[in-house]
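Trainee: Here is how the chains run, residue by residue.
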Amino acid sequence: MSGSEFVPLSLTPMLIGIFAAIACALPGNFLVLRKQALIGDAISHVVLPGIVLAFLVTGSVAAAPMMIGAAGAALVAVILIELIRRLGKIETGAAMGVTFTALFAAGVLLLERSDTSRVHLDVEHALMGNLESLIWLDATGWHSLLDPNALAGLPSELFRIAVVLVLIIALLITFWRPLKIATFDEEFAHGLGIPTTALSLGLVMTAAIAAVAAFDAVGSIIVIAMFICPPAAARLMTDGLKAQVWWSVGFATASAILGYVLAGYGPLWLGGSDSVSAAGMIATVSGVILAVSALAGPRRKGLMA
Amino acid sequence: MLWQALTFQLGYNATLVTLGAMLLGVAAGGTGTFLFLRKRALVSDAISHATLPGVGIAFLVMVAFGGDGRNLAGLLFGSAVTAWLGLLSVQWLNKNTRLSEDSAIGAVLSVFFGAGVVLLTVIQTMSQGRQAGLDSLLLGSTAGMLFSDALMIAAGGALVLGLALVFRRPMTLVAFDSDYAAANGSNVGRIDLLTMGLVLAVTVVGLKIVGLILIVALLIIPPVTARFWTDRAEKVWLISGVIGGAAGYLGAAISASAPNLPTGPIIVLVCFGLFAISLFFAPSRGALSSLIRHRRFQRHVHRRQGLLALANGHPIYERYTMRLLSQEGLIRPDGVATKSGERGAASAMLDERRWRLLREMPAHEDTAASYDGLSDLETVLTKDQLHELDMKLAEVTP
Numbered sequence: 000m001s002g003s004e005f006v007p008l009s010l011t012p013m014l015i016g017i018f019a020a021i022a023c024a025l026p027g028n029f030l031v032l033r034k035q036a037l038i039g040d041a042i043s044h045v046v047l048p049g050i051v052l053a054f055l056v057t058g059s060v061a062a063a064p065m066m067i068g069a070a071g072a073a074l075v076a077v078i079l080i081e082l083i084r085r086l087g088k089i090e091t092g093a094a095m096g097v098t099f100t101a102l103f104a105a106g107v108l109l110l111e112r113s114d115t116s117r118v119h120l121d122v123e124h125a126l127m128g129n130l131e132s133l134i135w136l137d138a139t140g141w142h143s144l145l146d147p148n149a150l151a152g153l154p155s156e157l158f159r160i161a162v163v164l165v166l167i168i169a170l171l172i173t174f175w176r177p178l179k180i181a182t183f184d185e186e187f188a189h190g191l192g193i194p195t196t197a198l199s200l201g202l203v204m205t206a207a208i209a210a211v212a213a214f215d216a217v218g219s220i221i222v223i224a225m226f227i228c229p230p231a232a233a234r235l236m237t238d239g240l241k242a243q244v245w246w247s248v249g250f251a252t253a254s255a256i257l258g259y260v261l262a263g264y265g266p267l268w269l270g271g272s273d274s275v276s277a278a279g280m281i282a283t284v285s286g287v288i289l290a291v292s293a294l295a296g297p298r299r300k301g302l303m304a
Numbered sequence: 000m001l002w003q004a005l006t007f008q009l010g011y012n013a014t015l016v017t018l019g020a021m022l023l024g025v026a027a028g029g030t031g032t033f034l035f036l037r038k039r040a041l042v043s044d045a046i047s048h049a050t051l052p053g054v055g056i057a058f059l060v061m062v063a064f065g066g067d068g069r070n071l072a073g074l075l076f077g078s079a080v081t082a083w084l085g086l087l088s089v090q091w092l093n094k095n096t097r098l099s100e101d102s103a104i105g106a107v108l109s110v111f112f113g114a115g116v117v118l119l120t121v122i123q124t125m126s127q128g129r130q131a132g133l134d135s136l137l138l139g140s141t142a143g144m145l146f147s148d149a150l151m152i153a154a155g156g157a158l159v160l161g162l163a164l165v166f167r168r169p170m171t172l173v174a175f176d177s178d179y180a181a182a183n184g185s186n187v188g189r190i191d192l193l194t195m196g197l198v199l200a201v202t203v204v205g206l207k208i209v210g211l212i213l214i215v216a217l218l219i220i221p222p223v224t225a226r227f228w229t230d231r232a233e234k235v236w237l238i239s240g241v242i243g244g245a246a247g248y249l250g251a252a253i254s255a256s257a258p259n260l261p262t263g264p265i266i267v268l269v270c271f272g273l274f275a276i277s278l279f280f281a282p283s284r285g286a287l288s289s290l291i292r293h294r295r296f297q298r299h300v301h302r303r304q305g306l307l308a309l310a311n312g313h314p315i316y317e318r319y320t321m322r323l324l325s326q327e328g329l330i331r332p333d334g335v336a337t338k339s340g341e342r343g344a345a346s347a348m349l350d351e352r353r354w355r356l357l358r359e360m361p362a363h364e365d366t367a368a369s370y371d372g373l374s375d376l377e378t379v380l381t382k383d384q385l386h387e388l389d390m391k392l393a394e395v396t397p
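Same order as they appear, the protein sequences are chains A and B. Just so you know, we're using numbering that gives the first Met the number 0 here: the first sequence kicks off at 0 and counts up by one. Just so you know, we're using numbering that gives the first Met the number 0 here: the second sequence kicks off at 0 and counts up by one.
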């Protein structure tokens, strides 16, 4: 395919997909190791009421209020889960189930009750995103990457997810040591004077930021899939944490590229005429990667086996 | 309007939906209890999301054979097949790799759901698929429900409920203590499978009314709510069913009473409302009664320690203790004991000395074991025993 077709139509969605996948996979590594994988699931559900509320308050679908609303909803959800767990002495899984379903239901209800016909805001969009529509109309070929006028027309989602990705990488490098210690031995970390509760909350908030930024561009299916599948697959490949993080980045990138290509061109190769959901396909590919590493990964059984 | 909806006077269709939702709620609440007691509540999330590809495949297969792809029975059968595959995947990942169950659940739910979305986009581009409305199964849709659909949902709900009733004893046993059940000769694996099968059935039956994203709420919230009201497993089951049924009935009625009130979310929110009420106001396990109990205990401890300090002539610095004692007129503002304060201090001291002696006496070993530094010995021993103790006390004290 020529650059004049690839750059405007596929380059930006692909990059957004890759950035979103990595941004979710990085905190996902720690969520998986800390047995908090389903926090990612809960967060991605409660993003919906957050953005609906932000829309009702501001009356627009601008990015900033949406992100603030979603992050606020994630924080409320985390607090609610903790509150229900402590007040009711209920195990975490059930507390999460109670919280995220109720908040999601509230989001759907709010959406149905408010007039969103003017704007593009519906449950399906929230779930599946619309990666394919994030095209770069000003580009005419590879040379557009050096053309300031064309670069100004890049979809703003690309910029946002790139900033969030850089932020997450910076946080990861800064807090690597305490995070690593607290993940494997919380008691020991506590003994060293590491504020484990704050660290744990910080991790969840980082995951929420990743979820919100990725959600904005690609919908919540990718968010959950990328939180869990690449890190889980990576965990079956290696025992080292650093190696696991690198594997997960590789798997996330591979899922995003392969998924996008299969969704866009797969049906054409099979004789169809329309493309299928890129978000769904990226999640599916990540599942295939996980399945392969679960069947053949060198460390699939762990040290004891 | 709401009253009419509650009394089934809003027409045939609304009545069908309300009854169906109620039955579904009872079945889901009852079945969810075993899942909750087994501490595997979120496995249902993986099961429910894994129904989506099955719906898509069933539609494609039915269209390929020249049928109407929208046949609900066919769609539900397809959804059950992939939901089962999803459940097996969770169990396989959990057993054969070192991934923990939560990772397995998250992976399965997102991947199956993603695959389902891919299939939905395929269907949307087909000429038969444009009006398929399969996405209504995501959040449920009761508008224009056919009589045959309602009948199937009702029958499915009743069947699940019946099975749960028949097998409630072994399922409760396994949910409560699987090791004990295994030692007693139960086939834990098979009973777990049965529980999961029932959960799956509830999910499939609930797709039309509540939708696959929110059906987990009906499986999780009622048992969690019921747990506040009782400590007995068999009662959790019953209360959970009642709560689920009430949520289904009220939710469906409220949703029928006005436009733009989607049934599934309303049912879930009613359920959550019942949960919130229980969380705060349930006797003994509710937050409010815990708080009251905690305060009472705190007061008891501070009062006792304050009185002992008075008896020993120690000064009291602790603010709460001082406020407590002066409120009861036991001390003056400057911290000196009043007449009644002196009496209270003396009796607290006497009680303390009685206990000390009692704990040295082998004959009272059982009573001594209940010593918590708080209970008044006069409430524990009989008058005769107390008298005997006091005689001894007089002997040892010079």
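Please note that the accuracy of each hint is not assured.
Straight-line C-alpha distance at most 20 Å; calculated SDA-like pairs for lysine to any residue [said to hold, decoys possible]:
1. B/234 <-> B/188
2. A/34 <-> A/169
3. B/38 <-> A/85
4. B/38 <-> A/81
5. B/94 <-> A/236
6. B/38 <-> A/7
7. A/88 <-> B/376
8. A/88 <-> B/350
9. B/391 <-> B/359
10. B/391 <-> B/350
11. B/382 <-> B/339
12. A/88 <-> B/363
13. B/38 <-> B/256
14. A/241 <-> A/132
15. B/391 <-> B/376
16. A/88 <-> B/346
17. B/94 <-> A/291
18. B/391 <-> B/331
19. B/234 <-> B/290
20. A/88 <-> B/228
No lab work stands behind these hints: they were computed from the structure.
Trainee: Evaluate each hint against the coordinates.
Mentor: Hints and how they fare:
The suggested pairing of residue 234 of chain B with residue 188 of chain B is violated, with an alpha-carbon distance near 24 Å, which exceeds 20 Å. At most 20 Å may separate the alpha-carbon atoms for a hinted pair to count; residue 34 of chain A and residue 169 of chain A exceed this at roughly 23 Å. For a cut-off of 20 Å, the pair hint linking residue 38 of chain B to residue 85 of chain A stands: about 16 Å separates their Cα positions. A distance of roughly 17 Å separates the Cα atoms of residue 38 of chain B and residue 81 of chain A; the hinted pair therefore holds under the 20 Å criterion.
Restraint check: the Cα-Cα separation between residue 94 of chain B and residue 236 of chain A comes to about 17 Å, which is no more than 20 Å; the hinted pair holds. Distance hint between residue 38 of chain B and residue 7 of chain A is unfulfilled; the C-alpha atoms sit about 50 Å from each other, more than 20 Å. Proximity of residue 88 of chain A to residue 376 of chain B is assessed by CA-CA distance (about 33 Å); at most 20 Å being required, the pair is judged violated. Proximity of residue 88 of chain A to residue 350 of chain B is assessed by CA-CA distance (about 35 Å); at most 20 Å being required, the pair is judged violated.
The suggested pairing of residue 391 of chain B with residue 359 of chain B holds, with an alpha-carbon distance near 12 Å, which does not exceed 20 Å. Proximity of residue 391 of chain B to residue 350 of chain B is assessed by CA-CA distance (about 14 Å); at most 20 Å being required, the pair is judged to hold. Of the pairs offered as hints, the one joining residue 382 of chain B and residue 339 of chain B is violated, with about 24 Å between alpha carbons and a cut-off of 20 Å exceeded. A distance of roughly 36 Å separates the Cα atoms of residue 88 of chain A and residue 363 of chain B; the hinted pair therefore is violated under the 20 Å criterion.
Taking the CA atoms of residue 38 of chain B and residue 256 of chain B, the gap is near 37 Å; set against the 20 Å cutoff, the hint is violated. For the proposed pair residue 241 of chain A and residue 132 of chain A, the alpha carbon gap of about 35 Å is over 20 Å, so the pair is violated. This hinted pair checks out: residue 391 of chain B and residue 376 of chain B have alpha carbons roughly 15 Å apart, not beyond 20 Å. As the CA atoms of residue 88 of chain A and residue 346 of chain B are separated by approximately 38 Å, the hinted pair breaks the 20 Å bound.
A hinted pair counts as satisfied when its Cα atoms are at most 20 Å apart, and residue 94 of chain B with residue 291 of chain A qualifies at roughly 16 Å. Using a Cα cut-off of 20 Å, the hinted pair residue 391 of chain B and residue 331 of chain B is violated, with the two alpha carbons roughly 35 Å apart. Between residue 234 of chain B and residue 290 of chain B the alpha-carbon distance is near 25 Å, which puts this suggested pair outside the 20 Å criterion. The suggested pairing of residue 88 of chain A with residue 228 of chain B holds, with an alpha-carbon distance near 13 Å, which does not exceed 20 Å.
Going down the numbered hints, you'll see the structure goes against 1, 2, 6, 7, 8, 11, 12, 13, 14, 16, 18, 19, while the others check out.
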